[in-house]
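Chemist: So the chains spell out like this:
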Amino acid sequence: MYDQQLLVEMKGISKVFNGVKALRNVSLKIRKGTVHALMGENGAGKSTAMKILSGIHKPTEGSILVEGKEIFLDNPKMALDNGIAMIHQELSPIFEMTVAENIFLGREPIYPKIHLVNYPKMYKDTKKMFENLGLSIDPKQRMKELSVSEIQMVEIVKAVSYDSKVIIMDEPTSSLADKEVEQLFSIINRLKKEGKGIIYISHKMDEIFQIADDITIFRDGEYISTNLAKTLDHDSLIKQMVGRELTDIFPERSKSVKDQIALSVEGITAKGYFQNVSFQLREGEILGLTGLMGAGRTEIAKAIFGMIPLESGTIKLKNKEVKIKGPKDAIKHGIAFVTEDRKEEGLVLPMSVKQNITISSLHKFTSGPMMKRDLETQVVDDMIKKLKIKTYSRNQLVETLSGGNQQKIVLAKWLLTDPKVLILDEPTRGIDIGAKTEIYKLMDQLTKEGYSIIMISSEMPEVLGMSDRIIVLSEGKVTGTLRPKEATQEKILSLATANKMGV
Amino acid sequence: MNSHVSTNNTQLIKKRSPKFGHLLSEYGILLALTALVIVITILSPNFLTTSNMLNLFKQVSINAILAIGMTFVVLTKGIDLSVGSILAFSGIVTASLVTGNDTNLFLGIAAGLGTGLVLGLVNGLVVAKWKVAPFIVTLGVMSIARGLTYIYSNGRPISGLSNSFLVIGTGGFLGIPISVWIVLIVFGFCSVLLYRTKLGRHIYAVGGNENAAKTSGLNVDRTLMSVYCISGLLAGLAGVLLTSRVSSGLPQAGMSYELDAIAAVVIGGTSLAGGRGRLWGTLVGALIIGVLNNGLDLLAVSSYWQQVVKGTIIIIAVLVDRKRV
Ligand SMILES: Nc1ncnc2c1ncn2[C@@H]1O[C@H](COP(=O)(O)OP(=O)(O)OP(=O)(O)O)[C@@H](O)[C@H]1O
Ligand SMILES: [Mg+2]
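If you read the sequences in order, they're chains X and D.
Counted from 1, the first sequence has number 155 at position 155 by the UniProt record's numbering; the numbering is strictly sequential.
Counted from 1, the second sequence has number 236 at position 236 by the UniProt record's numbering; the numbering is strictly sequential.
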């Protein structure tokens, strides 16, 4: 098919989980020195295919070839030995250990005779690796002291350090700021030049067109096509992924904003997070809250939800001051909070889809102390249908769901609490384009039904496309309020960096 | 032609094997129990007799009750080391109130259960409100309760209990010992609590992800307190039962019973990491331990070797069961 040498080939791979087919006869060919984007909707089987390639899952059928030779991968170590390294969608470093210890985990350099770990060498080598990639992270720092993006970088360095031929990146940018994304891309380009193959999974279209050479598309566990990136355009890519034409990503915003004020915050301050923040949310309004990472957006949401105590300022619901001491209070007052970190704060992973969806609204499904199980089942099934959650059973454990579907579970959970004010923190992170549109439509629908929404987002198109008003934050302060008509990407960016440059 | 046949074959196997593996991992411990029973029956003809079975069930009942309580605690990622001592204290308290023949039986039993409940509440309060590790808290209460037992009884057994009280531990109903009835009732009641009520859901959620549970608006503290109360109350019940069976309150009763209870929970497939587990597994786990104890006794294995065998089988049982995700 291509003239260049193939690094890795997956042939006719199928995978069955508990009798359900997650992958059907899919194929993938990775060329030397290229970035190969793997695209598809949530649950299309991208992560599963990559877990097979990296030795975590065993394929039910099919074969894997590395440089033309068939190999059998029993565990991740064998994949590493064959030059295949994976950076997972959900990172799991050992937080109590240092950066260098994490990178050299399982292959620590030792002093030959006495068999003790050679720490000086370990730190020196790590430092050199970072320098080679233009990074400035201290190898002696503990993992838990790093930011999410730094952890991401460490994982990449670790993957590269195995002298891998193929590096798999599963949604590496989902928690990175723009600047960090650029840094990642420059690293990727460097790896490309060294002749490595990168498999890149992402739901962000613009990234794909910026970085990918080849694009392979999966849909519902099936292989659809492989194309050169330059022969594809935005629309045809989406069409192949979704299986139908998708014209408008953002719905026409309904005129749902009313005069009444649903929520107002007045001069709230929490030291170290944000100062003197005021804004009002009208009924039926979508208020976009944007800014750079670390601007204090999430913290404001947490404060409204009672998870961070306020030093001063007041919060009013429908012009009545409320004291919210914790999530329980907040929920009682009709506030819902879809957190940005679904694994840490959103989901109970070892519980089922059903149990997660109803966990915040169990009082609706009880008579006396007993659960009304038929009612629960029925409501859960309705939610699964309404949000188009892809699951083979309402009793499936959420830990085995694809990332995007997990996000929908969190949303479903909060909708069942009958909130009046919905706070959505990065609501479409890791969600495929089709599901995104669904969620946007849903947001619009909800505001028509009288819900009010605060949407925290770093994605400019989303902020511009969905908000009725946009509030920009910088370093914990409000630096501007814009109407979407007057707002542009540049204006928002300059407000978002206002405090930084002003001082 | 050939290849056609073989694909059909693989498809068949594929369809069946995951289901079969699933069943095996779900009900593996039942298989283990059955195998154990078969082996011991072959080796000792006295094992599968009505009288020995009744005896075995009576022996198992104490550990089963403790282990059911322990399951609740372990599901929340906790542990309760104090159940053995609570059992002793509750037993002594009840014993002291039911001596002689014109005593208020109800009061005596209620006091024993109440003692267990209060000590469980202490465990729960310190764990939930002050965030002290359950291991430490219950280790402390284990020592406190044992000390109180000796103080209360002056270190001496309390005997001469009323005959009507002794019926609980020795009597039967429809040919089945009352203690077995009690286990069945406790099991039924706790199953409903765990699987059919809000509290049950909350217990799994808190154990599975405390952060998410809190963010979802659950009362995490109250959930934690509940599980230690349940465990304490059931330890109290076990104390009352044991006192009745041995017809005296023994201050040294229940030594290291917590370990058998934890073993039953773990063998039963409940994860010490919290959030995963099942009550019927615990019951089977308690039966496995009971069958082992009883069987090795019948086979006249020395008590030293009994410990070695028991420990080995516990580890093997957990290994077999670990296939469950
Ligand atoms: N361990 C597992 N057990 C059972 N089913 C699983 C398991 N892992 C994945 N699945 C199922 O396989 C399908 C594919 O999931 P996968 O995680 O590969 O999707 P994905 O393409 O990576 O989606 P996303 O973009 O949301 O991350 C899903 O339906 C998922 O529920
Ligand atoms: Mg994925």
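Hints were generated in silico from the structure; no laboratory data involved.
Take these hints with a grain of salt, some might be off.
In silico EDC-like cross-links for lysine to aspartate or glutamate, where the CA-CA straight-line distance does not exceed 20 Å [to be verified]:
hint	chain 1	residue 1	chain 2	residue 2
1	D	LYS198	X	ASP374
2	X	LYS255	X	ASP233
3	D	LYS198	X	ASP418
Chemist: Hint by hint, where does the structure go against what was stated? Just the numbers, ascending.
Modeler: 2
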